[in-house]
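Asker: Modelling step: build the complete structure from the supplied sequences, incorporating the hints.
2 protein chains.
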Amino acid sequence: MQTTESARLRSEEALTLAKREPSRMRARFAEMHTADAAELLLDCQTLEQRLLLLRCIPDEQQGDVLLDLPENMQEALLAQLHPEAIGDVVEHLDSDDATDLLQAVDSAVADEVIEQLEPDERREIRPLMTYDEESAGGIMQAELFKVRADWTADRVLKVLRRWGQEIENLNYVYVVDDDDHLVGLLSLRTLIFLEPDQPILEAAERKFISVSPDEDRETVARLFDKYDLMTVPVVDGNGVLVGRITADDIIDVFQEEATEDMFRLAALSDQDDLTEPVLVTAWRRGVWLMVNLATAVLASLVIAQFEPTISAIVALAVLMPIVASMGGIAGTQTLTVIVRGIALGRITFHNAFKVLMKEIRVSVITGLTFAVVAAAIATIWFPRHGIALGLVIAAAMLINLCVAGLAGALIPLTLQRLHIDPALASGTILTTVTDVVGFFAFLGLATLFLL
Amino acid sequence: MQTTESARLRSEEALTLAKREPSRMRARFAEMHTADAAELLLDCQTLEQRLLLLRCIPDEQQGDVLLDLPENMQEALLAQLHPEAIGDVVEHLDSDDATDLLQAVDSAVADEVIEQLEPDERREIRPLMTYDEESAGGIMQAELFKVRADWTADRVLKVLRRWGQEIENLNYVYVVDDDDHLVGLLSLRTLIFLEPDQPILEAAERKFISVSPDEDRETVARLFDKYDLMTVPVVDGNGVLVGRITADDIIDVFQEEATEDMFRLAALSDQDDLTEPVLVTAWRRGVWLMVNLATAVLASLVIAQFEPTISAIVALAVLMPIVASMGGIAGTQTLTVIVRGIALGRITFHNAFKVLMKEIRVSVITGLTFAVVAAAIATIWFPRHGIALGLVIAAAMLINLCVAGLAGALIPLTLQRLHIDPALASGTILTTVTDVVGFFAFLGLATLFLL
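Chains A and B supply the protein sequences, listed in that same order. The first sequence begins at 0 in numbering that gives the first Met the number 0 and counts up by one. The second sequence begins at 0 in numbering that gives the first Met the number 0 and counts up by one.
Treat the hints with care, as some may be off.
In this list, chains with the same sequence are indistinguishable; a pair is considered to hold if it fits within one copy or across any two.
Simulated pairs of lysine-lysine, DSSO-like, Cα-Cα distance not exceeding 30 Å [to be verified]: (1) LYS18 x LYS353; (2) LYS206 x LYS157; (3) LYS225 x LYS18; (4) LYS145 x LYS157.
For the record, the hints were derived by calculation from the structure and aren't laboratory data.
Answerer: Here it is in structure tokens:
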């Protein structure tokens, strides 16, 4: 692969160079891609080392480097910078990136920084700061190229040559009416094909997909995925063009949302990060482990009700984890399929019932299958209880796998309905259900039929 | 949100219309976005219904609709079409999409279809068919706009006006030398700013990121993410330009890879799909449940070694699932963080040791914490065993959480080292380890110190 990797330094070398010859390190950073510079900072051991390197990075690159770092590191570094220094960094960023960075500093400092900016930038950034970070407004950028509907192709090209230089990923020209309502999109490619005196509105696409700034960014990301978009305009409730979102930002949204879902399914805080201090990570995980301990104790309380039964037939203690474990795995399978299906927009209110029915059918089939297998194992392993022990474990297995499938589907669908993230805590609720039902069904049936 | 959703029909209405007035349904499809048409097909109950609708979709849209459907459905529908019909569909697609579609049909049929194509298209698609679907070559498209290095801006614009109409997402012009080696990139935006007689090589970016067609598509996706790319050229070992990849295709790669990892972590086949028949799903999940049953029996065999101990102290049967469960959760936390870190390129050979050390430290801290908590619960719950039972569960908890952290980190790191997907089967291996170690440590220590 030919990448800018060849320009890569090890962080140790970079630190040595930064200490001895800061001007040479500055020159190295200047010709390096900001993503590679961010990796160097990431590899450092301490905040001081990171600050040392950051101070060697030219102002116009510092913002992009900071934005490439995990949030906790970004905040720690920004907390060490003076408002003026932050201002110097922010003024080189696109409005969406500037907003992201300012949202990582103390709000009083952010206000101070914004005060110092050029009036133009201030006007762009202020409204962006008001949007929720999880909304379309939170990821859109204000920089875009808009033209009046009555202009000719020639005039558009002239203005574009004059003002368009600064705009990144400029692939579309936005056509607005006198009140800034978006009325059409014109790709640069189409623009090139037009006759000089052709009115652009004739050539613009009049039917296009747009989003509202309040739209959930996950919904926006799904639109990009569904319609294979490269960019989308953001239009407020009155039809006024307020910004645009590009595919490279959407990639970040997808990555973050997928990480969030995976982490939540695994009883992890979605802030858990490789670069966090050990104690912070231990605390975040400990909270979820504590929740799990409570549910495990609940399952143990169920077992405790059947102490006399276990005393009489110790084989039950040997076999009971099998029933609980199979329920946990089967339920997790269903849960994961449903959570992912919701995240990808494949499961909606419209087809939820169909999906639920399928999961129930699958559960009944696997439940019956593993009831037979478990019965065979139990009967062969503990022959002195005859077929009775086998029948008890078979019934418990069938019950638990059916409950697991039902719970694995209903928990996320219900959370979704209540507008709660379907991945949140659903794994813990699920295994509580499958453990409690598994132990109760198995030991309860044993008490009824084996004693 | 303003989308094309307003054009949406329910699949029942569409089916009725397709039967009674196919020409009206055809007109509806013609003005519908292909992604919306695909949703209608997805909502149908049977293959026959889907075929009925598909036949109403104009040829030039059928390909995009098929590609938007899950793979199993795509294959089933294509198997019903004649090679000539497939050819009519394929000829309207970009080369990368055409290749994807042809890879979903029987290879003899695919050859027959390719034979019928125009020589031009045949020449584009044949080499693409040879690349692995998981490689850069498998997702790149051959359609791109390339120009010679010695051309002027004016000549490029002229040629572009003549030939560029057909190319989607044309934002870059690729500058090649006489032997088709890629020597520069020129954005349309830059092109517009050039003087007519300016040689384009002067204005082109000479330092750019490119990828080899054999590169793993996941690695390519990480490049897009890291460097915020919108498009990347694909260049073979000799530096010859062979294709390009755009960000909208990368979104699909990220979604698929994230789904694959989530599914594998949850003991699901990565082919598990909402639209599969119940029996296929039951079979796929049953295979993994069978593996889990085997490991659960292994854990039960461990318990069985301690039957006399459990007979003597039934409290052990009550408490033992707590130790195993906490190990499973703690191990899954570590496993998920590591698997996701590898997928996002955050964990590399370079920092794996540092990451491992952190996980061990976290495990020791949480292990000590929950050892104390578990000891307190056990001592209060079963006072007749005094502090001894508490000490036994504390030691077992500490051992199991440390083993869980170590296994949760080492299993995916080792698989990655062996070039096996770190998510594959690692969840099952992990819970086997934490169950076996949990039961063995708890019951073993109890046998030594409590009897």
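Asker: Each of the hints needs a verdict: does it hold here or not?
Answerer: Each hint, compared with the structure:
1. In this assembly of identical chains, LYS18 and LYS353 lie within 30 Å of each other by CA distance solely across copies; the values are 24 Å between and 64 Å within a copy.
2. Both within a single protomer and between protomers do LYS206 and LYS157 lie at most 30 Å apart by alpha-carbon distance, with minima of 26 Å and 29 Å respectively.
3. Only between protomers do LYS225 and LYS18 lie at most 30 Å apart by alpha-carbon distance; the minimum there is 28 Å, versus 50 Å within a single protomer.
4. In the homo-oligomer, the alpha carbons of LYS145 and LYS157 lie at most 30 Å apart both inside one protomer (13 Å) and across protomers (26 Å), since each shortest distance falls under that limit.
Against the hints set out earlier in the document, no violation occurs for any number.
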